[in-house]
Amino acid sequence: MKPRLPALLVAAVVATAASAWPSQAATDNNAQVRNDYLLSCGGCHLLEGQGSRAVPSLADTGRIFALPGGREYLGRVPGAAHSPLDDQRLATVLNWVLSRFGHTTADPPYTASEIGRLRAQPYLDPLAARHRLLADHDGNDGNNGNDGNDGNDR
Amino acid sequence: MSRLDRWMENSSRALARRSGRRGFLARLGHLIAGGTVAGVAALPLLPVARGQASDESPGSRAAAPPEDIEGPQGDPNHCDYWRNCAIDGFLCGCCGGSATSCPPGTEMSPVTWIGTCRNPLDKKDYLIWYNDCCGKNPCGRCFCNRNEGERPVYHPYRNNDINWCAGAQSQVYTCSTAMIIGLAVEGQPEK
Numbered sequence: 001m002k003p004r005l006p007a008l009l010v011a012a013v014v015a016t017a018a019s020a021w022p023s024q025a026a027t028d029n030n031a032q033v034r035n036d037y038l039l040s041c042g043g044c045h046l047l048e049g050q051g052s053r054a055v056p057s058l059a060d061t062g063r064i065f066a067l068p069g070g071r072e073y074l075g076r077v078p079g080a081a082h083s084p085l086d087d088q089r090l091a092t093v094l095n096w097v098l099s100r101f102g103h104t105t106a107d108p109p110y111t112a113s114e115i116g117r118l119r120a121q122p123y124l125d126p127l128a129a130r131h132r133l134l135a136d137h138d139g140n141d142g143n144n145g146n147d148g149n150d151g152n153d154r
Numbered sequence: 155m156s157r158l159d160r161w162m163e164n165s166s167r168a169l170a171r172r173s174g175r176r177g178f179l180a181r182l183g184h185l186i187a188g189g190t191v192a193g194v195a196a197l198p199l200l201p202v203a204r205g206q207a208s209d210e211s212p213g214s215r216a217a218a219p220p221e222d223i224e225g226p227q228g229d230p231n232h233c234d235y236w237r238n239c240a241i242d243g244f245l246c247g248c249c250g251g252s253a254t255s256c257p258p259g260t261e262m263s264p265v266t267w268i269g270t271c272r273n274p275l276d277k278k279d280y281l282i283w284y285n286d287c288c289g290k291n292p293c294g295r296c297f298c299n300r301n302e303g304e305r306p307v308y309h310p311y312r313n314n315d316i317n318w319c320a321g322a323q324s325q326v327y328t329c330s331t332a333m334i335i336g337l338a339v340e341g342q343p344e345k
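Residue numbers (this note's numbering), protein chains in the order written: chain X, 1 to 154; chain A, 155 to 345.
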């Protein structure tokens with residue numbers, strides 16, 4: 001039995017390493033967009049888009065995108081409209097966020113011209129806009145998910 | 155019976171000499187750390203490490219920068235340490251924590267800003283996550299105020315004057331960390 005423990009450990013470590021590290025090609029293909037995401041969005045939405053008490057989770061983007069007006073909403077929220085990214089890079093990041101965190105596909109994908117048009121109309125009250133969007137769909141006050149607001153700043 | 159006792163005692167002592175608990179942990183640590191490329195742990199133990207290990211991270215195999223830098227640029231508790239290039243606050247390494255962990259009794263702020271710093275050894279830019287630690291009085295040791303690539307407060311995604319503890323349970327700022335979350339494809343545009 002003695003030699004079995006190291007062998008199992010080695011197997012576990014190798015298996016974990018293999019699953020943790022992707023192919024170099026996949027890393028290269030997505031490195032630029034993830035770099036842009038981390039530098040412009042990741043500080044608040046966090047590394048995997050999970051959000052926190054203070055900031056919405058990007059896992060909700062798939063659901064929101066599917067709602068009437070949701071596509072436009074995602075291009076007008078402060079994080080998008082005031083992003084330091086140019087229109088093309090922001091469009092790429094939004095498409096990536098929807099795929100990566102929202103588990104949906106922007107069809108058709110956001111384009112630079114669409115993003116330029118949307119971010120020119122930023123929301124003055126994004127939280128109210130979110131509640132309206134969800135209320136129109138859910139038939140309630142729309143405050144039924146993690147909106148990233150703990151209620152202290154209302 | 156006494157012979158059996160002696161045999162048991164001798165066996166136990168021999169086993170203890172050969173395989174102390176610390177020795178086992180050390181070998182396990184070496185196995186985990188040494189079984190991977192570039193010395194990066196294969197078993198990601200921290201949330202940040204898990205994020206780094208995700209399949210599309212810009213930093214992955216190349217994310218472990220060379221750290222054998224001599225002088226202040228290689229000392230995490232010195233303001234000149236290369237990762238501290240845009241920090242503004244007390245270095246957690248002087249406050250009971252480290253450059254990557256908070257002191258006991260404090261909480262890492264869930265929101266912050268991310269910038270890049272250049273490692274002087276390999277001349278590459280790394281994504282740095284400037285998380286504040288929150289919940290105890292300001293540490294007061296190793297104050298460091300470097301603002302490379304920092305921007306005014308109306309650019310919150312590049313500002314170090316904001317009390318990022320606003321996202322934590324306690325809004326009392328204690329100290330700041332500077333964690334690598336990956337190799338940057340390019341430096342932040344403000345540099």
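Be careful, since some hints might not be right.
[Unchecked claim] Computed spacing ranges between beta-carbons, pair by pair:
1. X:A120 with A:E344: 22 to 28 angstroms
2. X:A112 with A:E344: 19 to 25 angstroms
3. A:H309 with X:G116: 19 to 25 angstroms
No lab work stands behind these hints: they were computed from the structure.
Glycine included, every Cβ here is placed at the ideal spot set by N, Cα and C.
For each hint, the structure was consulted:
no.: 1; hint: X:A120 with A:E344: 22 to 28 angstroms; in the structure: 23 angstroms, holds
no.: 2; hint: X:A112 with A:E344: 19 to 25 angstroms; in the structure: 22 angstroms, holds
no.: 3; hint: A:H309 with X:G116: 19 to 25 angstroms; in the structure: 20 angstroms, holds
The structure is consistent with each of the numbered hints, conforming to all of them.
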